[in-house]
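Number of protein chains: 4
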Amino acid sequence: MIVKLKNGLQNEKTKRLIKWLNERNLEVHPSEGKTYTVLGLVGDTSIIDVNSIKAFDIVEAVTRIQEPYKAANRKFHPEDTIVDVGGVKIGGGHFAVMAGPCSVESKEQVLEIARAVKASGANLLRGGAFKPRTSPYSFQGMGNEGIEILLEAKKETGLPIVSEIMDIEDLPFFEEVDMLQVGARNMQNFAMLKKLGQIDKPILLKRGLSATYEEWIMSAEYIMAGGNKNVILCERGIRTFETGIRNVLDITAVPYLREKTHLPIIVDPSHASGMWEMVEPLSIAATAIGADGLLIEVHNDPERALCDGPQSLKPEKFEHLMQEINKIKTVMV
Amino acid sequence: MIVKLKNGLQNEKTKRLIKWLNERNLEVHPSEGKTYTVLGLVGDTSIIDVNSIKAFDIVEAVTRIQEPYKAANRKFHPEDTIVDVGGVKIGGGHFAVMAGPCSVESKEQVLEIARAVKASGANLLRGGAFKPRTSPYSFQGMGNEGIEILLEAKKETGLPIVSEIMDIEDLPFFEEVDMLQVGARNMQNFAMLKKLGQIDKPILLKRGLSATYEEWIMSAEYIMAGGNKNVILCERGIRTFETGIRNVLDITAVPYLREKTHLPIIVDPSHASGMWEMVEPLSIAATAIGADGLLIEVHNDPERALCDGPQSLKPEKFEHLMQEINKIKTVMV
Amino acid sequence: MIVKLKNGLQNEKTKRLIKWLNERNLEVHPSEGKTYTVLGLVGDTSIIDVNSIKAFDIVEAVTRIQEPYKAANRKFHPEDTIVDVGGVKIGGGHFAVMAGPCSVESKEQVLEIARAVKASGANLLRGGAFKPRTSPYSFQGMGNEGIEILLEAKKETGLPIVSEIMDIEDLPFFEEVDMLQVGARNMQNFAMLKKLGQIDKPILLKRGLSATYEEWIMSAEYIMAGGNKNVILCERGIRTFETGIRNVLDITAVPYLREKTHLPIIVDPSHASGMWEMVEPLSIAATAIGADGLLIEVHNDPERALCDGPQSLKPEKFEHLMQEINKIKTVMV
Amino acid sequence: MIVKLKNGLQNEKTKRLIKWLNERNLEVHPSEGKTYTVLGLVGDTSIIDVNSIKAFDIVEAVTRIQEPYKAANRKFHPEDTIVDVGGVKIGGGHFAVMAGPCSVESKEQVLEIARAVKASGANLLRGGAFKPRTSPYSFQGMGNEGIEILLEAKKETGLPIVSEIMDIEDLPFFEEVDMLQVGARNMQNFAMLKKLGQIDKPILLKRGLSATYEEWIMSAEYIMAGGNKNVILCERGIRTFETGIRNVLDITAVPYLREKTHLPIIVDPSHASGMWEMVEPLSIAATAIGADGLLIEVHNDPERALCDGPQSLKPEKFEHLMQEINKIKTVMV
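Protein chains in written order, with this note's numbering: chain A, 7 to 339; chain B, 7 to 339; chain C, 7 to 339; chain D, 7 to 339.
One or more hints might be untrue.
Intra- or inter-copy, both count: the list cannot distinguish identical chains.
As the list claims (entries may be wrong) - With a cut-off of at most 27 Å between alpha-carbon atoms, the simulated BS3-like pairs for lysine-lysine come out as follows:
no.	residue 1	residue 2
1	LYS19	LYS95
2	LYS12	LYS76
3	LYS19	LYS161
4	LYS113	LYS10
5	LYS320	LYS21
6	LYS161	LYS10
7	LYS323	LYS207
8	LYS201	LYS235
9	LYS113	LYS266
10	LYS335	LYS323
11	LYS113	LYS81
12	LYS25	LYS160
13	LYS323	LYS235
14	LYS25	LYS320
15	LYS333	LYS323
16	LYS21	LYS160
17	LYS10	LYS200
18	LYS323	LYS10
19	LYS323	LYS124
20	LYS333	LYS12
21	LYS10	LYS320
22	LYS25	LYS335
23	LYS40	LYS21
24	LYS21	LYS323
25	LYS81	LYS266
26	LYS266	LYS10
What the hints contain is simulated information worked out from the structure, not anything from laboratory work.
Whenever a hint applies, use it, and build me the whole structure from the sequences.
Listed below in C-alpha cells is the structure:
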C-alpha cells in the first residue's frame, strides 16, 4: 500500500500516522520528493481499510498494491477451482452450457424447452421462478410453484437446475435446486451474500450493472469468507452510454479475471445484448476467448414469453448455436 | 407507446400483433413510411411490458410515451408530497438537514456528535448501525447495539433518527427508528422494497450507483405500490469514468425529478465526492438548486472513524456549512 | 419520426407545428392519448434536425424511427463494401491483419518489424509518424521523416501502409500512404472529416472514446457525403467506469454494425486493453465474432518503445497469435 | 511515481529497470513486500511517460504521485489566473456571463439578442459561426459571414465576442474575435491545441464528452506549453448512462479543479442538460458553488433556431436568470 502525503516526514502529524501504521504491523518505507512524500507499507494490508488511512488529514491519496481479496485470489490458490453442479463440472477446462427460459411459465413450457436444450447438448437447465423486474406491475414469476416445475424437468431430463434467489427467506424452496443464482442487482446485497456463505450449494454470481472487477471478486469473497467455496462468476454486460444495445458485454473480463482469480467464469450473452440476434455471435466470441460456460435464454415461443422474449432463442436457433460453438471448441487446445 | 415494425401493415404477423394489442385494450394508430411502419398505441400502457411487444419478431423497437410509474408520478399527483419524519416535515418547501456519523462506534461518540449537529441546526440524526462494506473484512457496524445508541441520542436531543436497513430480517430492531434508509446497493433489492411497502415508516431511498432516473422512481413505485407513500429520494452521486473523485454528484436530478415526481428529493454530498473538502461546496449547490434536504456525515474524530473518515466533516466545519446554506436560504423564495 | 406533445391536437401551437412539418414534406399522423398526444411523421426525416422540432415548446420528446445516415446505411446498400487498400481487399469476406509499431522510431526498427509481421502473415504495415499524446511533453512522433521510413518498408516488403493523420495540413506527406487513420480523439473533428471526404484514399475511422454507434456511423457519413466511399470502421474499446483495464472492447459492435452498415469493421485489441497479455485472447474473440480485420501493435523491443510499449506484442507472440486466429478461421464458413 | 513489480529486487530485470530509471535522474526507493515489491521514484517525473515504464515486462502497475502538468498546476502557481477578454476580467473573483445564440443566423437576430443580454447584465456575447454538427446534413453555420455579424454586434453593444473555432485554417477570420472557443469534440485535437498555443488570444477550452479532469488540464497544458497562458476551462456536462437528460453537469469539477489549477473555471448549463427548463437552476447551482462565469444560450425565437433550440432561453427568461444569480452573488463573500 502506498500513502501519498501532503506534508514532509518531520511533521508531527506524519509521525502520528507512522506510529498508527506500525501498530498495525506494517513496516513503513518513506520516499521524500520535492512536492510530495510517499510511504510504502509492507505487511498484510489486505485487511486494512483504505479509508481509515485517508481519514488522516495529511494524506492526499492511498493506492493499494496488494489485492484486498484472499480466498478468491489466484496468487494464493494457483489451481483452477472446479465447481461440481449436480454432477456437471465447471471450470478447469470443463465447459458447460446452461439453457432455458427466462421465467418458468408452465410445466408444458419448461418440459418442452428442457428436452430440446438437452437434445442440443446443454448441460444444465436454467429457469427463473422468482423474477427481479424493474416494475412492480410486471410479472414477478411463479415463485415456489415455478421451482416445483423445474424439479420435475430435472427428474425427467436429468439436467441439474440453476435458478435465481431474490430473497434469502425463500431458501427452503431451493433445497433441491443444484445452483443458486445471485442476480446483477443483488451482487452487493451483502446480507444475502453472507447467508449464502453459510450453505454449501454452488452460487452463480452475476456481475453488477456497473461493478468493477474488484468489487465483483469482493462479492465472491463475501460468500467464500463464510465457508462456501463453490462460486462461479458470470459476466452479463455492463452499463455504458451506448443506447443501441442494452448492455456492453465485457469480453475482456474472461482473460483478465483468469489471471486474478481461480474461480470459473461464464458468460451470459442473452442479458448482455437484450437482442436474440446477438446471442449466437456473442456466444461464439465468449467460447473462443476461453469462458468456462454460457448461460443462454431459450424459449419455445418468444412472442408469448412473460419476460425478456426479445433476447430468447428458439430451440432451433439454439441447436445451431451449439453446433457453432462446438466447431470453435474443436480448434481450441 | 410507439412500435416500430420491420414489415408493412398487410403482413400476417403485423395483423397478429395488432390483434394482440387490441386484446389488451390498446387502440392502434398506424403510420406507414417508406422504410418503416410505426404503430401508435393509445390506452393505459403503464402496465404493458415493453419486452412482451419486442418479442414479436417483426418489431424492431418500442418507445414508451407514457411513464411506467403512477403512484410516484406528478402528472397524477400534482401536489408536493410532504413526509413527516418524527415530527420533522420534509418536502413541499420544508428543508431538513440530517447529520451524523457514517457508523455508530460508541455511545460517547454518537452523543457528542448529536449534540453538536443539533446545536448547529441539524433537524435529524443519521448514523449507521448495519454497514454495507465492499470487503467482508471491514468493520460491519455495531448492529442492534448501534440502533440502541442512536435511540439514546434521540431521547437526549429530541432529534429523529435515520438509519440504514440492509436485511429485512432486522426490521424488529428498527421499531423506534424514524426513517429507514435503503442504500444505493439495495435500490433494486426488490424483495426488500416490497416488504418496506407493507410498513408505514418513511423510507429514504438512495439512488443506485448507475440507476437511471426512471429506474430510481420505479423503485420508489415498488414501495408505494405496497401502500407506503412516505418515500424520500436521495441523490448520492453516480458512477462514471472520472477517477479524481469517487462519484459525480448529479445535481440536475433535483430539478429534473421535481417535474417527474411529487416525492421529496434530498442530496448526500458526503458519499458523492468521498472528500470532506467537497462537502460544503456541494451542499451549497444542492441547497441553491432547490433540494429538500441534505444528508451529511459528521464525525468528531475523522481519523479514528471506523468507516468513511475521509468524507466526514468535523463539527466546526459542519457549523460553518450550516451558516453558508442558511445564507443561501435567505435569498431563495 | 415520432413527436410527443404536451398539449392536445386542438391547441393553436400544435396546429402551427403541424403546418411547419407539412412545409417540410412530412405527412403527420396523430394519435391522441389520455395523457399525451403523439404525431407520427412520414417522409424523408433523415435531413430533419431533431432539435428544430424539440425547440417548439409544446414538444416533450422526439424519437427517430429512420436512421439519420444514408450513404453508410445498409438499408440502401445491402451489399458489403469491399475496400481495396494498396491491393489488399478488406470487407465482404476479406479478412486483413494490420500490424506494426505504435510509433515509428528508426528505419532499423520498422524494417525489422515489417519483415517479421509479413513472415507471420500480416497483410498491411501500420505505424505512427504523427502521434496523439495526452501530454505535450511526451514523444510526438517523427513526423514526415517517419512517413518516409514507412514507405521504405513498404518498398522492401510490399506491405501497404496505414498511418494516422492528425492535422489535415500534413496531407501532402501522406501521398503514398495507402490508408489514412483517423484517431479516436479526432472522430468528431468534423473539419478534418469533410476534407477527407474530398480525397479518394481509404480512411480507417476509429471509434471515439465514448461515441455511440450512431455518432460513429455519422462520422463515416461525413466522409462519404463528400464523395469518399472507402471507409473502414475500427472498434478500439470504449471508456467505462472499469479501472482494471484501459478500455472495454465492445465486441458486440461487430455484429451490431454489420446489420446497420455495409462498411467493413475491424478491431484494435491493443489500444482496447492497453495490456499485451490481452491482445491474443481479444484477437481470437474478434476473429470468431466475424470482424473484417485486426489492427495490432507489434514491437521488436517493447521496453524501448517510445510509446505504448505495454500493449505491444513481440514478433514471436504475434506469430503465435496469427496461428491461433488461423485456426479459428478454418472452422468459420 | 510508484512502480509495482512482479519480481523481487535481486532479479536481473529489476536491476536493469533501476539503471534505466537512474539514467533519467530519478532516485529509486524500494520496498519489498511478501507478494509484491514496489519502487518509489523521487525526482521530476512529470516528463516521464508512464507507458515507457509499464513496457518493462516485470512491471505490473505504475502510479503517478506528481501531476503530469506544470504550467496549469496550482502547486507551482498558487495565485488565481485572471484572463482579460476584451477588457472583461474572468477569474480571481471576477465573474462573467457570456450569452448569445447557439448559432449566428442573421444580423437582426444577433443584434436583437446582443442588446437584450447586455441589458440584462451579460458581459460577453457568444455566438457560433462555425458549427460542429453530428450530421453532415445539418446546418453548419454561416462561417466567416457569421463572424462579421458578431463583430457588428460587438461594435454596437461593446460586448466582447466569444466564438468557436473548428479548423485552424479559419484563424484569420477570428482576428478581431476576443476569445476562441475549443469545442468538446476538439478537446484532444492536439494539432489545433498546439497552434492555439502560438497565439495570444484567450482560449475557452470545453471539457471533452468523457474527458477526465487530468486529461482536460493536460489539454490546457498543451496550449500553455506553447506560450499562451490565457486559458479558461469550461465544464459542459459529461456523458453517462442516463438517458433522461443529454449530459450530466459535473458541478464538482468547479471546487475540485480550483485546488488543482489556477485557471478560471466556468460552466455551460445549456449544453449540459439540453433542456431550457434546466438552465436557470443549473446556473444558480454553478454560481453558488463558485464558478468564475457562465456560458448561456439565448435566442429570441427558439422555435426558429437553426440549432439547439430546445436548450435556448428566451431573453425574458435570461433576464430572470440574471436576477436569480445576482441574488446568490449578494450572499457570497
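Verification of the hints:
In this assembly of identical chains, LYS19 and LYS95 lie within 27 Å of each other by CA distance neither inside one copy nor across copies; the values are 55 Å within and 40 Å between. Taking identical chains as interchangeable, the C-alpha atoms of LYS12 and LYS76 lie at most 27 Å apart only when they sit on different chains, with a minimum of 18 Å there against 31 Å within one chain. Taking the closest pair of Cα atoms, LYS19 and LYS161 never come within 27 Å of each other, the shortest separation being 67 Å inside a single copy and 37 Å across copies. For the homomeric pair LYS113 and LYS10, neither the shortest alpha-carbon distance inside one copy (61 Å) nor that between copies (33 Å) is at most 27 Å.
Taking the closest pair of Cα atoms, LYS320 and LYS21 come within 27 Å of each other only across two copies (22 Å); inside a single copy the shortest separation is 67 Å, beyond that limit. Within a single copy, LYS161 and LYS10 get their C-alpha atoms no closer than 60 Å, and across copies no closer than 42 Å, so neither meets the 27 Å cut-off. Proximity of LYS323 to LYS207 under the C-alpha cut-off of 27 Å is found in neither arrangement, the shortest distances being 32 Å within a copy and 41 Å between copies. Taking the shortest alpha-carbon separations for LYS201 and LYS235, only the intra-copy value of 13 Å comes in at or below 27 Å, while the best inter-copy value is 31 Å.
Taking the closest pair of Cα atoms, LYS113 and LYS266 never come within 27 Å of each other, the shortest separation being 41 Å inside a single copy and 39 Å across copies. Within a single copy, LYS335 and LYS323 get their C-alpha atoms as close as 18 Å, and across copies as close as 22 Å, so both meet the 27 Å cut-off. In the homo-oligomer, the alpha carbons of LYS113 and LYS81 never lie at most 27 Å apart, since the shortest distance is 46 Å inside one protomer and 42 Å across protomers. In this assembly of identical chains, LYS25 and LYS160 lie within 27 Å of each other by CA distance neither inside one copy nor across copies; the values are 60 Å within and 36 Å between.
Within a single copy, LYS323 and LYS235 get their C-alpha atoms no closer than 35 Å, and across copies no closer than 35 Å, so neither meets the 27 Å cut-off. Taking the shortest Cα distances, LYS25 and LYS320 sit within 27 Å of each other only across copies (23 Å), while inside one copy they are farther apart (65 Å). When the C-alpha separation of LYS333 and LYS323 is checked against a cutoff of 27 Å, the pair qualifies both within a copy, at 16 Å, and between copies, at 25 Å. Neither within a single protomer nor between protomers do LYS21 and LYS160 lie at most 27 Å apart by alpha-carbon distance, with minima of 64 Å and 38 Å respectively.
In this assembly of identical chains, LYS10 and LYS200 lie within 27 Å of each other by CA distance neither inside one copy nor across copies; the values are 34 Å within and 33 Å between. Proximity of LYS323 and LYS10 under a CA criterion of 27 Å is satisfied inter-copy only: 24 Å between copies versus 56 Å inside one chain copy. Taking identical chains as interchangeable, the C-alpha atoms of LYS323 and LYS124 lie at most 27 Å apart only when both belong to the same chain, with a minimum of 14 Å there against 39 Å between chains. Taking CA atoms no more than 27 Å apart as the test, LYS333 paired with LYS12 passes in neither setting, with 58 Å inside one copy and 32 Å between copies.
Proximity of LYS10 to LYS320 under the C-alpha cut-off of 27 Å is restricted to the inter-copy arrangement: shortest distance 22 Å between copies versus 56 Å within a copy. For the homomeric pair LYS25 and LYS335, neither the shortest alpha-carbon distance inside one copy (57 Å) nor that between copies (45 Å) is at most 27 Å. For the identical chains of this complex, LYS40 and LYS21 are neighbours both inside a copy (19 Å) and across copies (25 Å), given an alpha-carbon limit of 27 Å. Taking CA atoms no more than 27 Å apart as the test, LYS21 paired with LYS323 passes between copies only; the shortest distance there is 25 Å, against 67 Å inside one copy.
Taking CA atoms no more than 27 Å apart as the test, LYS81 paired with LYS266 passes inside one copy only; the shortest distance there is 8 Å, against 38 Å between copies. Taking CA atoms no more than 27 Å apart as the test, LYS266 paired with LYS10 passes in both settings, with 26 Å inside one copy and 16 Å between copies.
The structure fails to meet hints 1, 3, 4, 6, 7, 9, 11, 12, 13, 16, 17, 20, 22 from the earlier list, while all remaining hints are met.
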